[in-house]
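S.K.: Take the two lone chains and join them into the complex the hints point to.
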Amino acid sequence: MSEHMMSDRIIEEYLGALRDALRTVNPSSAKEFVAEIEQHISEGRTSLEPGDEVGLRNLLERIGSPTTLANELKETEPRTASGMDRVTPWLILAGGFAFGFGWLIGLYGLWSSKTWRIWDKLLGTFIWPGGLLGTFYFFGAISSSTVCSGVQNAGQTASTLTCVHHGIATLPRGLQFLAGFVIVAAPIFTSFRLGSVLSRGYADASNPRGIRVVRSGRSRTRTRVVWIIEGLMVLFFAIFVLTLH
Amino acid sequence: MVVGGTEKLLAQMRRGAIEYCVLALLQSEDRYGFEITRQLSEADGLVTSEGTVYPLLTRLRNDGLVDTYWQESTEGPPRRYYRITTSGKRALKSFIDQWARFRDSVDDILSRGK
Numbered sequence: 000m001s002e003h004m005m006s007d008r009i010i011e012e013y014l015g016a017l018r019d020a021l022r023t024v025n026p027s028s029a030k031e032f033v034a035e036i037e038q039h040i041s042e043g044r045t046s047l048e049p050g051d052e053v054g055l056r057n058l059l060e061r062i063g064s065p066t067t068l069a070n071e072l073k074e075t076e077p078r079t080a081s082g083m084d085r086v087t088p089w090l091i092l093a094g095g096f097a098f099g100f101g102w103l104i105g106l107y108g109l110w111s112s113k114t115w116r117i118w119d120k121l122l123g124t125f126i127w128p129g130g131l132l133g134t135f136y137f138f139g140a141i142s143s144s145t146v147c148s149g150v151q152n153a154g155q156t157a158s159t160l161t162c163v164h165h166g167i168a169t170l171p172r173g174l175q176f177l178a179g180f181v182i183v184a185a186p187i188f189t190s191f192r193l194g195s196v197l198s199r200g201y202a203d204a205s206n207p208r209g210i211r212v213v214r215s216g217r218s219r220t221r222t223r224v225v226w227i228i229e230g231l232m233v234l235f236f237a238i239f240v241l242t243l244h
Numbered sequence: 000m001v002v003g004g005t006e007k008l009l010a011q012m013r014r015g016a017i018e019y020c021v022l023a024l025l026q027s028e029d030r031y032g033f034e035i036t037r038q039l040s041e042a043d044g045l046v047t048s049e050g051t052v053y054p055l056l057t058r059l060r061n062d063g064l065v066d067t068y069w070q071e072s073t074e075g076p077p078r079r080y081y082r083i084t085t086s087g088k089r090a091l092k093s094f095i096d097q098w099a100r101f102r103d104s105v106d107d108i109l110s111r112g113k
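Quick mapping for you: the protein sequence lines, in order, are chains A and B. What the first sequence shows, in numbering that gives the first Met the number 0, is residues 0 to 244, in sequence order. What the second sequence shows, in numbering that gives the first Met the number 0, is residues 0 to 113, in sequence order.
Chain B extracted, bound-state conformation (with noise of 0.2 Å):
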C-alpha cells in the first residue's frame, strides 16, 4: 500500500509520463480522446481514471504540443482529433533519450537495494 506522498509522487509522475506517451500515440497518427483514452488504460498502471486523460490533452494543446480538428464520424457526432506538432516531436525525442537514462539509473539504484 502506498501512503500519502508517495501516493502524492506517483501521481505526478504518472501524469508526467502519460502526456508523453499520448505523444508517442500520437506520433503514427491522428486520433480521438476515447481512442487515446482507451489505448491508454489498456497499459497496466497508467490511467486509473479515463477522464483524468481530458485534461492533460487540453495542456498538451495549450503547449502547443499537439493541435486539434473536427471530423465527422460515421458512428455518432463528430469527433475532436488531436495531432502531434513539431513542438510536440522534439519534446518527445527529448523525452524519450532523457527517460530511458532516467529509468535505467533508477532501477540500477531499486535493486542494489533487494
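Extracted from the complex, chain A is given alone in its bound form (with noise of 0.2 Å):
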C-alpha cells in the first residue's frame, strides 16, 4: 500500500468513526459537523510531507477523537423541547374544545415547564381562559343585548317602555370590529408567543449553559416588540370593557 492511500485509509477511518458517534445528533449539524472537520484536516495537511503517517495521527489527536467531538457538539446543540413543551402551546390554543380538558392539560404543560418565564404562564393562562373557545365566551358576554322597562297594557297603541341597549353594538362599526379581531387574534398570539419561546430557548437557570446569558441585539429587539404589541391588546381590552359599561 502506498504513502498516500495509507494517510487517506487513516483519514477516512476517523470521519468514519466520527459519522459513526454522531448518529444520535441532527443530521444536518452532524453532516456540517463532517464538512468542518474534513477541511480541517486538509488544511492540517498541507504542512505535512506527503506520506507522514506520525504528523497526520498527531493532527487527528489535536482534532479530537470522535468520541469527545460528538459530546461537544451535543452539548453545544440547542436544547431540544419536550414533547409536553411542543403540544403545550396548541393545547392552550385550542384545547378547550375538547371539552375543556385539553386546555387544563396545557395549562399544567405550562406552569410545570421551565421554559416559560412567569409573564409567558400568565398570559398563556389569562388571555384567553380556555383558548379559541374563550373567544365565543367573549362574545357571547359582550354580544348587544337591549333591556326594557316599563308597562305596555294590551291594546294600547303607545307604550311606556324604557328601552336601553348595552353590548358591542352601541360602539362605532370601526371600534367593533376591531374589538372582534383583538378578541380573536389575542389567543393566537399569545400561543404564537409561547411557541416563539419555546423555539428560541431562554438562557436561565434551567439551562445548563448558564454561563451563556447573553442574548442577541436581532433578539432582544424582537422581545420589546412583542411585549409592545401584547401590552397595546390588553390596554386596548381594558378600554373597550370600560366602554361597555
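I should point out that these hints are in silico values taken from the structure, not numbers from a laboratory. Glycine residues also receive a C-beta, built at the ideal position from the N, C-alpha and C atoms. Check the hints yourself; a few may be wrong.
Taking beta-carbon pairs under 10 Å as the criterion, some of the chain A residues facing chain B (in silico) [what the hints assert, rightly or not]:
id: 1; residue: 3
id: 2; residue: 41
id: 3; residue: 44
id: 4; residue: 45
M.R.: Now the structure itself:
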C-alpha cells in the first residue's frame, strides 16, 4: 500500500468513526460538522510531508477523538423541547374544544415547564381562559342586548317602555371590527408567543449552559416588539371593557 | 487532578470563554476555521481538542454574533471565513467589561485562601 493510500485510509477511518459517533445528533448539524472537520484535516495536511503518517496521526489527535467531538457537539446543540412543551402552545390555543380538558392539560404543561417565564405563563392563562373557546364566551358576554323596563298594556298604542341597549352594538362600526379582531387574535398571538419562546429557548437557571446569558441584539429587539404588541392588546381590551359599561 | 463536577464546570467555563476569545480574534480581521482553532490551541489550557471549536463557531453564527462567507484559497479548496457582526462586537464589549470584574473578584477570593 502506498504512503498516500495509507494516509487516506487513516482519514477515512477517522471520519467513519466520527460519523458513527454523531448518529444521535441532528443529521444536518452532523453533516456540516463532518465537513468542517474534513476541511480542517485538509488544511492541516498542507503543512505535512506526503506520507507523513506520524504527523497525520498527531493532527487527528489534536483535533480530538470522534467521541469527544460528538459529545461536544451534543453539548452545544440547542436544547430540544420536551414533547409536553411542544404540544402545550397548541393545547392552550385549541385544547378548550376537547370539553375543556385539553386546555387544562395545556395549563398544567405551561405552569410545570421551566421553558416559559412567569409573564408568559400568566399570558397563557388569562388571554384567554379556554383559548379559542374562550373567544366564543367573550362574544356571548359582549354581544348586544336590550333591556326594557316599564309597562305596556294590551291594546295600548303608545307604550311606556324604556329600553337601554348594551354591548358591542353601541360602539362605532370600526371599533366593533377592531374589538372582534383583538378578541380572536389575542389567543392566537399568545400561543404564537409561547411557541416562539419554545423555539428560541431562554438562557436561565433551567439552562445547563448557564454561563451564556448574552442574547443577540436582534433577539432583544424582537422580544421588545412582542411585549409592546401585548401591552397594546391588553390596554385596548381594558378600554374596550370599560366602554361597554 | 480535577474530579467529576469540577471538571464539568471547567469545561463549561472554558466553552463560554472560548466563544468570546473567538470574537476577540475576529475583531482585527476575518479568519477561517483552521486559523481560529490554531490560534486558540496555542493558548495554554484553552482548547484541549481543536475540533471542539467548530460547534462553538456554528453556535456563534446561529446566535448572529458572527457571519460567514466563502473565499477561494491558493493552497487548496475554498475556505469558510468568519466575520464578527455588530451584535458580536456588542456582546464582546459587554463580556470584556464583566470579565475583568469577575476575574479580579475570583482571584481576590482565591488568594485569601492561601
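S.K.: For each hint, tell me whether it holds in the structure or not.
M.R.: Tested hints:
With a cut of 10 Å, the hint placing residue 3 of chain A at the interface with chain B is violated, because the nearest CB-to-CB distance is about 16 Å. A cut of 10 Å between beta carbons decides the hint on residue 41 of chain A: the least distance to chain B is about 6 Å, and the hint holds. Given hint, residue 44 of chain A at the interface with chain B, holds; its Cβ is 9 Å from that chain's nearest Cβ, closer than 10 Å. Here the hint on residue 45 of chain A is kept, as its CB sits about 5 Å from the closest CB of chain B, short of 10 Å.
In terms of the numbered hints stated before, the structure departs from hint 1 and from no other.
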